[in-house]
Amino acid sequence: DVKVTQSSRYLVKRTGEKVFLECVQDMDHENMFWYRQDPGLGLRLIYFSYDVKMKEKGDIPEGYSVSREKKERFSLILESASTNQTSMYLCASSLGGTTYEQYFGPGTRLTVT
Amino acid sequence: DAKTTQPPSMDCAEGRAANLPCNHSTISGNEYVYWYRQIHSQGPQYIIHGLKNNETNEMASLIITEDRKSSTLILPHATLRDTAVYYCIVRVVGYGGSQGNLIFGKGTKLSVKP
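Going line by line, the protein sequences match chains P and V. Heads up: the first sequence begins at 2 in my numbering, then just goes up one per residue. Heads up: the second sequence begins at 1494 in my numbering, then just goes up one per residue.
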C-alpha cells in the first residue's frame, strides 16, 4: 500500500514563526502536492512538484514556499506564519502524469496564535 | 471553481446501495471523472475513476451517462464506515503543469444510518 506520512498531526505556532511541514511518501511517486482545507472552501492547491527540485504554484501560493530535494520528501514552508494560515494541511503524491490517483496523508492541523 | 455539481447531503440505510449523483455538464472530451471520499479527520481517499465506460472495483461502481454529462457512484452495500464526504472531480488528461490538479468542490456528505 502507498503510504504518505506527514510530520505532525497537530501543530501550534505563534505569529511570525517560520514553520516547516514535512511530507514523505514511500512509493517512488514523481508527483507531490500540498493542499490546505478550510470549512466551506474545500481543498485548495498550494504548490505541487512533478520532479526533484521542480515546483509549480497552485491556486494559493502566497505566503508559502516549498522544497523538494529528494524524490520522497516534499516540504511546505511558512516563512512567517500568520493567523489566516490556521488550517488543515494535506500532502498527496501520485505517479507521473495526470491520470493517476493521488494518495493523501493524514493531514496536519496547524493553529497559528 | 469545481466543474461538478453534487447534492450537499444524502442518507442511506446500512446494507443498502448508496447512489451518489454528480453533474458535470461542461466536461470536455479529455477529462476523466474521479471520485474521492474523506472520512472525518482523515485525508481524502481515492475511490474510482473513468472516462466514458462504466467502471467497477472492490470499493464501488461508476456509471457515466452516454453523453458524459453526469455520473453516479454506487456503493453496493453501504456500511457505517462509508459515512464520509464524497467528492466528484473532473480532471484533464495530460502530463505535468497544472493540468493534473484535483479541484475539490464541496462534495456530498453521505450519512449511513443503522
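Rather than coming from a laboratory, the hints here were simulated on the basis of the structure. Some hints could be false.
As the list claims (entries may be wrong) - Capping the alpha-carbon separation at 20 Å, the derived lysine to any residue pairs in SDA-like fashion look like this: (1) Lys1599(V) - Ile61(P); (2) Lys1496(V) - Gln38(P); (3) Lys58(P) - Lys4(P); (4) Lys4(P) - Lys1496(V); (5) Lys1599(V) - Leu96(P).
Predicted model, so just to flag it, every value in this text is computed and none were measured.
Verification of the supplied hints:
{"no.": "1", "hint": "Lys1599(V) - Ile61(P)", "verdict": "holds, 18 Å"}
{"no.": "2", "hint": "Lys1496(V) - Gln38(P)", "verdict": "holds, 18 Å"}
{"no.": "3", "hint": "Lys58(P) - Lys4(P)", "verdict": "violated, 24 Å"}
{"no.": "4", "hint": "Lys4(P) - Lys1496(V)", "verdict": "violated, 29 Å"}
{"no.": "5", "hint": "Lys1599(V) - Leu96(P)", "verdict": "violated, 26 Å"}
In summary, the structure is inconsistent with hints 3, 4, 5 from the numbered list given earlier, while agreeing with the others.
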